[in-house]
Amino acid sequence: MKKISKRESMVMELVKFVQGKPTEEKKKIAYAYFEKKEYEKRRKLN
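Position in the sequence shown (first residue = 1) + 154 = the numbering used here.
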């Protein structure tokens, strides 16, 4: 089995989580998820 990075596994989890949801909701969830990531990155820098 190939080793996957933490980021990859989080994306896989996200994909599994949104699979049952309608497209509009998927977009909202993905957007919120990446907004949060950006926020955390900025917070670490400061």
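Since the hints were derived computationally from the structure, they do not count as laboratory data. The model shown is predicted, which means the values in this text are computed figures rather than measured ones. Keep in mind that a hint or two might mislead.
[What the hints assert, rightly or not] Ranges of calculated distance between the beta carbons of each label pair, as one might list FRET restraints:
#1 T177 with L199: 29 to 35 Å
#2 K198 with P176: 16 to 22 Å
#3 V165 with K198: 15 to 21 Å
#4 M166 with Y193: 19 to 25 Å
#5 S163 with Y185: 16 to 22 Å
#6 R196 with K157: 14 to 20 Å
#7 A184 with K156: 20 to 26 Å
#8 R196 with V165: 17 to 23 Å
#9 S159 with Y185: 19 to 25 Å
#10 K157 with T177: 21 to 27 Å
#11 K156 with E189: 26 to 32 Å
#12 R197 with F171: 20 to 26 Å
[Claimed, not checked] DSSO-like cross-link-like pairs, simulated, lysine-lysine; straight-line CA separation at most 27 Å:
#13 K181 with K160
#14 K182 with K195
#15 K160 with K190
#16 K181 with K191
#17 K160 with K195
#18 K191 with K175
#19 K156 with K182
#20 K190 with K180
#21 K170 with K181
#22 K157 with K190
#23 K175 with K160
#24 K190 with K170
#25 K157 with K195
#26 K198 with K182
#27 K180 with K195
#28 K190 with K175
#29 K160 with K180
#30 K170 with K157
#31 K191 with K156
#32 K160 with K198
#33 K182 with K160
#34 K170 with K195
#35 K160 with K170
#36 K198 with K175
A virtual CB, placed ideally from N, CA and C, is assigned to each residue, including glycine.
Next item on the list: Go through the numbered hints given earlier and state which of them the structure violates, listing their numbers in rising order.
Entry: 2, 6, 10, 19 and 36
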